[in-house]
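Student: Here is what each chain is made of, one letter per residue.
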Amino acid sequence: MGPKPGPTSELVRFGRMLRTHGVKVGAGQVVSYTRAVADLDPADIDDLYWTGRITLVNHQADLAVYDAAFDAFFIGSEGDSPPAIMPLASADGGDGDPASISFGTDHQEVEVLDAGDEELPAAGGPRASSAEILRTKHFDRWTEEEFRRLARLLPTLRLPQKRTRRTRPSPRGPRIDLRRSVRHSLRYGGDLVHLRRRGRMERPRPIVLIVDVSGSMAGFSRALVQFSYGMSRASQRVEVFCFGTRLTRLTNAMRVRDPNAALDEATDLVVDWDGGTRIGESLAAYVTRWGKHRLNRGATVIICSDGLERGEPDRLAWAMRRLSGQARRVIWVNPLAGDPKFQPLARGLVAALPFVDELIAGHSIEGLEDLARVLEGWTA
Amino acid sequence: MTKSADRFTGDIATVTEMLAGQAYLADRGLSTAIYLSLTLPQPLLLEGEAGVGKTEVAKALAGGLGVDLIRLQCYEGIDANQALYEWDYPRQFLYLRRAAEAEAGGDGSDDLFAERFLVERPLLQAIRKGADCVLLIDEIDRADDEFEAFLLEILSEFQISIPEIGTVGASDPPLVIITSNRTRELHDALKRRCLYHWIDFPGLEREVEIVAARAPEVPARLARSTSRVVSRLRGLELVKQPGVAETINWARALNQLGEDEVTGDNLDISLGSVIKDHDDLSTVRSRATEMLDGT
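Protein chains in written order, with this note's numbering: chain A, 1 to 380; chain B, 1 to 295.
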């Protein structure tokens, strides 16, 4: 089928089509696109493909969507809706106000999750069900008072800081600020009466939160994601991932919409109800896919899981070893550890523990307060 | 039309040829991206795994266009002063001292911030040279958000004002190549300003050609053998995938050792040229026969 570069309106329509499939296309990009196509006239199909790809797409993750949309629009495939991949954050802004924190006390949501849980075959065996009980006992029965405590905790939270290599004027800084000193010396005819100084700036250390959202962990993870949402408002540098059978990144989805809705959607994506939890695979995916992009450099990584591993403990040990090598600190939050009779026996946890800096019982508001204390303890 | 576009009269095929003349083999997508970047003109943002030749593109382009390459290597903590200009303080001090000793009236501060005390950093150089250079902003993801915002401003105006000297601007902006290793997500505003091209690892045939072009001393048989093994290595789940640079180095290393193809023995001793992670080494060693199968 011979593609016609077509009138500008067609090209604009293609840009709009990409937008409806979740590719962020700015007006300026469409202008570049039409100018480029006009310039290349007469364009063949390859020119048309590359021109659009180079001008309209600016995220590698969007390339697959672009390819499918291009085929559908310019070549005309038999399939009706082109891209099989719908990006997570593409849907409308969600009904919740993203700026407000709701703690999932909303009964309906909890029920939806519970229904899912019931369909869950006894994947983790007896331990998984005891986690269930713990969850119902601790998280779901949080009182209004406890939610208020959490809400109070967040704004006061002092996240670990890191000294950057950027400097700013500072009276007692270690470095001499020549530019300002020279300027100041002009007042005294070029004599350096006062030395101006610079010191290094501080900024929050990146925090990476990796939460288990499979059946047994759903409830507590929700509280923790809320917690991280609170942190991300204090610092731009919070990354959130969730996993069950697979791993997915939640950070961007949480930015544009209500964290609860983002988590629900992601949960559907990563949890196979009969697949059990594959912590090792999920963390390995994190380490190879994201960790190597230096997300981990100097970061505090918080993993929240009960450690009931379905897959190979070796894989988990491998991933944890790499993670501890990349990250500054690794915290493991385990809701089961809140049980007085708890012993870290779960296969996964045993494999992971040597690489964990801090193990926290995170079954309740006290657990989150502990977490906050640990984070603050590292501030110094 | 800008000067670089004037100097560049041609089409996409011309770009491909020009780069090939610099021993850089570009595919259709990359050539189109560069062509558009020259003619629209807009900065070109290149992303891709480490070692696919992002930085090399800029060098080859400068060579092909016959202009200077000005490189701004980004790093953690880089700020506007380090990228744009600085004053030459030691000389300023000396000048002041001399002026004071001579007591030729005034303290000399009027011409203290004059052109001759200005130290140009890459961005100011590029703004002054305009279309007579290719500006490479390398590994922008290492710099922080503030620096990115500052760059965005420079890239949209190509003009800066130095209070003591005045406004410096380029009537014809240079060709700008920005590279990122995606260690963090760049801001959308910057991305929207740029053309975007994702460079993939080359296919097998293309990689053989690249090795032949970059390391002409390597026999064709060895070039093919190393390229084939490397493309299989990229199929493994490795922490650090070998880039094209690794293939070239490896082919050179084996050639240096007098080998003419990859074998079980020389793979084992030369693996360090391609695989640079301890865990990956053991992964590859455990599957060596599979990697060599049929080569």
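A portion of the hints provided could be inaccurate.
[To be verified] One-sided excerpt, in silico: chain B residues whose CB lies under 8 Å from chain A:
#, residue
1, E17
2, L25
3, W87
4, G130
5, E148
6, L155
7, E157
8, F158
9, R192
10, G235
[As the list claims (entries may be wrong)] The following label-pair restraints were derived from C-beta to C-beta distances:
#, chain 1, residue 1, chain 2, residue 2, range
11, A, D314, B, T263, 44 to 50 Å
12, B, E185, A, L269, 49 to 55 Å
13, B, G272, A, H184, 52 to 58 Å
14, B, R28, A, D268, 36 to 42 Å
15, B, R182, A, D314, 51 to 57 Å
16, B, A20, A, R16, 34 to 40 Å
17, B, T14, A, R19, 30 to 36 Å
18, A, D314, B, L204, 31 to 37 Å
19, A, Q60, B, E290, 43 to 49 Å
20, B, R91, A, T164, 18 to 24 Å
21, B, N266, A, R16, 21 to 27 Å
For the record, the hints were derived by calculation from the structure and aren't laboratory data.
Bear in mind the structure is a predicted one, so any value in this text is a computation, not a measurement.
The beta carbon of each residue, even a glycine, is placed where N, CA and C say it ideally should be.
Student: Does the CB of R192/B sit less than 8 Å away from some CB of chain A?
Tutor: Holds: closest Cβ of chain A sits about 4 Å from R192/B, inside 8 Å.
Student: May I ask you to test the hint 43 to 49 Å on the CB atoms belonging to Q60/A and E290/B?
Tutor: 29 Å Cβ-Cβ, so the 43 to 49 Å window is violated.
Student: Should the hint that G130/B touches chain A count as held when the rule is a Cβ pair under 8 Å?
Tutor: violated, 21 Å
Student: With 8 Å as the cut and Cβ atoms as the points, is F158/B at the interface with chain A?
Tutor: Result: violated, 16 Å to nearest chain A Cβ.
Student: Taking the CB of R91/B and the CB of T164/A, does the distance hold inside 18 to 24 Å?
Tutor: Cβ of R91/B to Cβ of T164/A: about 30 Å, so the range 18 to 24 Å is violated.
Student: Are R28/B and D268/A spaced within 36 to 42 Å by their CB atoms?
Tutor: holds, 39 Å
Student: Does 30 to 36 Å hold as the CB distance between T14/B and R19/A, or does it fail?
Tutor: holds, 33 Å
Student: Hold the hint about W87/B up to the distance rule: shortest CB distance to chain A must be less than 8 Å.
Tutor: holds, 6 Å
Student: Would you settle whether the hint for E148/B is holds or violated, based on the nearest Cβ-Cβ distance to chain A being less than 8 Å?
Tutor: The hint is violated - E148/B has no Cβ within 8 Å of chain A, the shortest such distance being about 13 Å.
Student: Let me know if the C-beta of L155/B comes in closer than 8 Å to any C-beta of chain A, holds or violated.
Tutor: violated, 13 Å
Student: Holds or violated: is there a CB of chain A closer than 8 Å to the CB of L25/B?
Tutor: violated, 17 Å
Student: Do the beta carbons of D314/A and T263/B sit within 44 to 50 Å of each other?
Tutor: violated, 31 Å
In this structure, the earlier hints numbered 1, 2, 4, 5, 6, 7, 8, 10, 11, 12, 15, 19, 20, 21 are contradicted, and the remaining ones agree with it.
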